[in-house]
Structure formats: C-alpha cells, structure tokens
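Trainee: These are the residues of each chain, in order.
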Amino acid sequence: MNSPAPIAGPHTHAPDSIAKVMFTVVLALLPATLFGIWQFGWPALFLFVITLLAALLAEAACLHIAGRPQKPFLLDGSALLTGWLLAMSLPPWAPWWIGVVGALFAIVVGKHVFGGLGQNPFNPAMLARVALLISFPVEMTLWVDPSPFMTGTGPDLIEGLAITLFGVKNIDAVSGATVLGHIKTEMTRGHDLGASLPALYDMQAAAVGNSSGSLGETSALLILGGGVFLILRRVITWHIPLAMLGTVALLAGGFHLADPLRYADPAVHLLTGALMLGAFFIATDLVTSPVTRLGQVIFGAGCGALVFVIRTWGGFPEGVGFAVLLMNAATPLIEHYTRPRIFGRSRSGAPREYPEPAERKEH
Amino acid sequence: MRLFRFRGGVHPEGHKELTEERPITQLPLPERLYVPVQQHIGAPAKPVVTAGDPVAKGALIATAQGALSASVHAPTSGRIAAIEEHPAPHPSGLPVPTIVIESDGEDRWADTLDSVDPFTLTPEAIAGRVAAAGIVGMGGATFPSAVKLNLGRTQPLATLIINGGECEPYLTCDDRLMREQAGTVVDGIRIMLHAAAIERALVGIEDNKPAALAAMRKAAQAFPGIDIVAVPSLYPMGSEKQMIYALTGREVPAGKRPGDIGVLVHNVATAHAVSRAVRTGRPLLSRVVTVSGGAVRDRHNLEVPIGTRVSELLRHCGVTGEPARLLMGGPMMGMVLPHAEVPVVKGSNGVIALTTAEVAPHAAMPCIRCGRCVGACPVGLVPLDLMSRVRGGDLDGAVDSGLVDCLSCGSCAYVCPAHLPLTQYFNFAKGELVIRDQERRKAEFTRTLAAERQERLERQRREKAAAMAARKAKKMAEQGADA
Chain A
1 MNSPAPIAGP HTHAPDSIAK VMFTVVLALL PATLFGIWQF GWPALFLFVI
51 TLLAALLAEA ACLHIAGRPQ KPFLLDGSAL LTGWLLAMSL PPWAPWWIGV
101 VGALFAIVVG KHVFGGLGQN PFNPAMLARV ALLISFPVEM TLWVDPSPFM
151 TGTGPDLIEG LAITLFGVKN IDAVSGATVL GHIKTEMTRG HDLGASLPAL
201 YDMQAAAVGN SSGSLGETSA LLILGGGVFL ILRRVITWHI PLAMLGTVAL
251 LAGGFHLADP LRYADPAVHL LTGALMLGAF FIATDLVTSP VTRLGQVIFG
301 AGCGALVFVI RTWGGFPEGV GFAVLLMNAA TPLIEHYTRP RIFGRSRSGA
351 PREYPEPAER KEH
Chain B
1001 MRLFRFRGGV HPEGHKELTE ERPITQLPLP ERLYVPVQQH IGAPAKPVVT
1051 AGDPVAKGAL IATAQGALSA SVHAPTSGRI AAIEEHPAPH PSGLPVPTIV
1101 IESDGEDRWA DTLDSVDPFT LTPEAIAGRV AAAGIVGMGG ATFPSAVKLN
1151 LGRTQPLATL IINGGECEPY LTCDDRLMRE QAGTVVDGIR IMLHAAAIER
1201 ALVGIEDNKP AALAAMRKAA QAFPGIDIVA VPSLYPMGSE KQMIYALTGR
1251 EVPAGKRPGD IGVLVHNVAT AHAVSRAVRT GRPLLSRVVT VSGGAVRDRH
1301 NLEVPIGTRV SELLRHCGVT GEPARLLMGG PMMGMVLPHA EVPVVKGSNG
1351 VIALTTAEVA PHAAMPCIRC GRCVGACPVG LVPLDLMSRV RGGDLDGAVD
1401 SGLVDCLSCG SCAYVCPAHL PLTQYFNFAK GELVIRDQER RKAEFTRTLA
1451 AERQERLERQ RREKAAAMAA RKAKKMAEQG ADA
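The listed protein sequences correspond, in order, to chains A and B. Each residue of the first sequence is one higher than the one before, starting from 1 at the first, in my numbering. Each residue of the second sequence is one higher than the one before, starting from 1001 at the first, in my numbering.
FYI, nobody ran anything at the bench for these hints, they're computed from the structure. Glycine is no exception: its CB is placed at the ideal position from the N, C-alpha and C atoms. Where hints are given, some of them may not hold.
[Claimed, not checked] Reference excerpt, derived from the structure (chain A facing chain B, CB under 10 Å, subset only):
1. H11
2. M22
3. G116
4. R234
5. R293
Start from the sequences, fold in the hints, and give me the full structure.
Mentor: Here is the structure:
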C-alpha cells in the first residue's frame, strides 16, 4: 500500500472551494446585472464585457509576472468578480477606456501590488471606482435615463458600439441625474427636499430600479434578493449588511424626523445609489472585512455612518466607495479588539475560575 | 435537561450508515499478535516475560511502571515468539518495544474466574482491580483509568460524565456497544460512581444514535442517579471539554483538568471494560473496532484482540482497490497509518480506508480571510491569524494567540475554502514548542551547573586563600615569638 507523507487531519473536507464562493457571488449578482444591461442597452453590455475582459487579462499578466500558475488563479473567479463589481458601479454609457483603466487599476494596484489574492487591504473594485471618480469626474457622472432593449428608445447595436468606443455625442439630450446627485445640486441652489425630491424620486421606481444610476446599482430589490441568497448559501452572514443598512436607516430616520425638508427619509437612502450593492456585495468582501462577528457589526455600522455623513454633508453625492475604503483601513484594528474569548479563559486570557464544583441540581 | 451550546463546531458528513447496522462480530484469532508495551499515556510497561515462554490468555506480560502507567496482558494463549521493536500506530511509524505472541489456537485462560460483587468492595479495591486489568481510556486518549478513578479521593467530584458522543464520522463502535451491551455499560457506570464516590452520572450521546439512546435509557431506568442525555450531533461533541460544557455549562479552565471543576469523564467503552474487569477479575484483552471507509468491501464492527495487525482486519473485511489513505481513528482527528502492519491497541476505535474521492485532496490556495475558520473553531481562536504567525515563524506570537488552547480537532481546516492544512500548521507549531521548551530547560540546567561550578571554584579559592593567610599569620607569630 502506498504510504502518504505523515499529515494531520482532517482527512475529509466540506464540499467547498474559493471558486465555489466566488461563483456563488457572481450568481447572486446575475439578476441585478442582467436587469441593468437590459435597462441601459447596448452600451452597457459592451462596457460590461470590456471591463470583465480587461480584469481577466490584467490578472493573467500579473500572475505571469509574479511567476504564479495561471489556471488555479484565473479560474478561482476572484478577478472575474472584481471586474464584475467594478462594471456594475460604472455609469452605463461610460466609454470603453473607463472600464479598461478601472479594471487595470483594480487588479494591478488594488490587488497584485499587495501580493495577489487575499492580500489586498482595500476592496479593489471600490478602489478603482474612487480612483476613476476623482480622475475622470465628467465621464464618471454621465448618467442616462433608462432606455431598455426592445422599446426602441435606446441606441441600436451600431449606435451602442459608437457610444462605447467614441463616447456620447449629444450629451445633453440623453443625460439625466441620479436622485442623490439631484438632491445635492438642488440643495446647493437653496431648494429644499420638498421642492427637489418629487421631480425625480419615485419610491417604487427606485426599488424596482427604473431610474438612472450606475450599470448594476439601480434595482434595490434584485440586489437585496441576491444578498439574501448569499446569506442563505452561507457565503456571507447578516452582520455587515444589516449593521450597515440599519445604521444608515437609523441616522436618516432620526435626522429626517428632526428636519424633513433638509434630510431625506430612510427609504431614499436605502433604495438609491450604491448602498444596497455596497452593503451586500462590497462591504462584505471577505478579504477586506473583519473575520470576527462583533468586528463585522462594528465594520458595517462604521460603513453605514460614513455613507450617511458623506451623502449628507460631504462634497460628493454618493459615499459608499469612500466609506468602505475608510473602514477597510480600520479592519486590522477592529479585528484586534474583537477577538473571541478563548474557551476556558476570561477575556483577559486568564484561566476561568469557578467557586464550587460543577453539579447539576435540576433534572 | 438544559443543554449548553458550545461555540463553533462543524457538521461533517457522518457516513455512519455504512456500519451502524453491523452487529459486533468476533475477528478470527490471528496467528500472531504484536502487543506494544506502551498503549497508554505515561511510562511504558516493563515486560515480565522472555522470548520462548509459554503464555496463557489473560496472563500479565508487562507490568505498569510508576504512578502513571498501565499493565499489558496476553490477549490469547501461546508462546512468546519475541520481544522486539515493531512499528506502532503513530504517524511516524517508528518502532516501539513489542511483545510478539504466537497463538496456539487454544485461547486457554490463565486462571479461573474471580467473580465478586463490586458493591461490596472499597473504592480503593475497585481502582486496584481496574489498574490490574490494564484499563485505559478507550475513547482514544488512553489515560490510565484507575488513576482517574482515584482522583475522587484527592478532589471533590460531583459529576461523572460518560462520553458516548462518538462525533467522528464513520465510527460506530461505541454506538454498537451501547446498543448490544447497554446493561454492561450501565453496570460499569454504577461501579465507577461507587469507586469515585459520586452520586450523579450524565451519559452524553449524540442524537444521531437513537437506538443507542433507547437501549441505554432502558438499561439505566432502574438507576435514578444515571441520566441518559441526547446531545446535538455537532463535531467535536466527543471532545471531553466540549462534552462537559454541553452537559454542565462549565468550561474546564485553561491548563486545568476536568477534575478541577469537579467532573470525571470516562468513555462508554471504558465503562464496559470496567464492568467486565471488576466483576470477573479478567483484564482488558480486546476491543471493538469499526472497519469502514469507501475502500473497504465488507464493513464491520469487529471485536479484535489487542495486538492484531491492521492488515488482518483489512484482509478479513476485504479491500477494494488501493485505499488513498489508511487511518486509525476517525477522519477528523485520526492518524494516517504509514502501512497496515501496525497493531490495534487499547485506544484504537476505528480502521478507516478512504478512497481518493472521500479524501477529496485539493491544492491549497491563499487565505481569502473569509473567517469560516473563526466561526468553526470550538475554542474561540482566530485560526487564520494563528496560521500566519506559525508560517512566519513567530512561535511566541502563536502562543499569545492561543496555540496551546487549540484542540487540533480540525474544524477550521474542514471548512477552509482555500483548503489550507491549518491543523498541520498547528501540530507542527506545538511540536516546535515542545522542542523549544526542552532546549530551554536543558540550557537552564546547563546554566545552573555552570553557576554551581563557578561558585564551588570561588569557594575553593577563598578557602585556599584563607588557609594560606592563616598559615602565614601563624608563621609570622612564630617568628615574632622567636625574635
């Protein structure tokens, strides 16, 4: 009989792998993605495909330079997922190079500069999104109203290709505003919510996703469904999403009650922008969020608080990317202070003490 | 009864259905038995026979040495063929002194039965009979049982916990024993209660063994001090500390033993062996072993004489193809056997031959910090952090992160989607720690010796100087007197 090298147990394993984890997340993203592509037409589809291809090519190139095997790392789904999340967060009619530059930045600077899979302190997709937003503010705030496939309102295949390759020609004709952007602009003009909100925001449309916004972020309900699927499949736990959404809802609710004309209600916050995607798919990024349960609650609450602060008082209308990156930086610290108590020891690490021997009195 | 949920734990595929309906059968007597003199925690037993001696079944062949040790007896009659080094069931496969017995096929007992009523005996006498029978913890820990029973006289004990968890996948030997021999197991529990002067016994059995639970409940009906408790099937329920917590809500303090919180824990198979030994005066000569796994053709629960080589078990049951991995014990914590020539010992509860599909070998990927290991660890460690410290050679950091609290239960490695061999890292680090402590002690000892030598030389020098000065003074005085 063959004698294998002496190894420790276990000699059996849960039917699981990194690829399985990553592709489950991709599956959870699929409905919201398909909805976004359907809603924003050919340019969105081209941008999505280009971003994913760029991410995979960048991964392959980095693996080659690092001298790592291509197959296990390209097939683990992590680069695909990074590209996917980045594409979902881009303006749907952004030019091709936005997707390419973003994917390169995410994979090369966001991931491989730190040592590749599992080593990056910041979420690569959000890092790229923020870098693009700061570097190319015009392209990154080109919002269009939905013009779904098969309704005849959007560009056809050739027009769509032209938009992706050469940019949008008559910007003013198609561009719209996101709810959060609209609120911010109107606020600076001195118009309160009573005047600005009804023009653009409709709660049902925001929930379904029939509104302008990033490629895959508009449908709060489909993203929520994907998130619940991930929790049921035990890829993520409820701690981060619930803490993040709950904190935003609580803060928004409190301020809204105090001054309804100055502060939007919780539903506006929860249903618009990147919050839903951020709470279930970005903040929960396994690599960059805390591994302890308590740490995850603190992390989620911190993300939520920062999102609310940036949206309400910051210079940008949306703050999910910044919030998550800031909390990513705090992850090691949070983890250090939220380690579980060790069995048989007190929190301080000293052995536990009991006054009398263990005895069961009741039956 | 209120139960307590320990943190973490995993639900590995049980595979108990492969053998749970297989009644215990006798393995035909092998021609040769290889009985190691060390099958327990503590000092090895000292052989009291020499090669060529005739030996009868049950005769003492190696006697316990010191306070923590266990005697070894001849599992059958025949002739001592040799006392030699033979590979022991240990991952290293290193040989240990082993008494080889050539069976004469007669299976002739050394003596007649020495039947007594245990409840007329003093606790000391019971512990004495358990020690004489060479009984050790049969759940796998192999701690000499008599030493544990004697604890009651030095520590106030309140509860006897009988571990019927059997949480390892594939293993069903304790399950079968409880189903078929519930009366004897319960009798052993009563004897142990009497010996340790404890009133209450809690028998924890995982709820995936309903037949064993029913049989034990029926057998224990007449004895109000013995409670049969169904505990959730959650690995590692059969771990002593986790079982104590599940039943009492008490955590054994770090670095302490169950006795320190008034609890005594024994395995069901140990209770069974205690009953037989104390009532009949006959030693522990065999045990029930589950032979299972995908590579085994006819899976069995076999009563096997101690010292039977694993190859005999596999020959009896049949092996299909080449097993990918041969284990002694369960697949979570069992040890890889280097080959099948090692013998079954008192702590061997299973021989598992796994196919490649069952082992599911997988290349390790980098840690993606998913935190599943943190959720699975029953001790509350952060295995990914511990691993990176071990990998970085930071042994002190690993100790600070709880290395010594690790049970090596394998829950973390079981759930790791990156297939990282976490337990391997931790076992390696524990080994390093032992080596480092040994070296530190050695260095300290050398330092002490050197310091003592220095002091001695200094003293001798001082004494010499003093003597010289005294002589000089005396001479001066004499000269002075002369002048």
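Trainee: Decide, hint by hint, whether the structure agrees.
Mentor: Checked hints:
Among the interface hints, the one on H11 of chain A holds; its C-beta lies about 4 Å from the nearest C-beta in chain B, closer than the 10 Å criterion. With a cut of 10 Å, the hint placing M22 of chain A at the interface with chain B holds, because the nearest CB-to-CB distance is about 9 Å. This hint holds: G116 of chain A has a C-beta 7 Å from the nearest C-beta of chain B, less than the 10 Å allowed. Hint on R234 of chain A holds. Least Cβ distance to chain B is approximately 9 Å, under the 10 Å limit.
Evaluation of the R293 of chain A hint against chain B yields a held restraint, the C-beta minimum of about 8 Å falling below 10 Å.
Every hint, counting from the list given before, is met by this structure.
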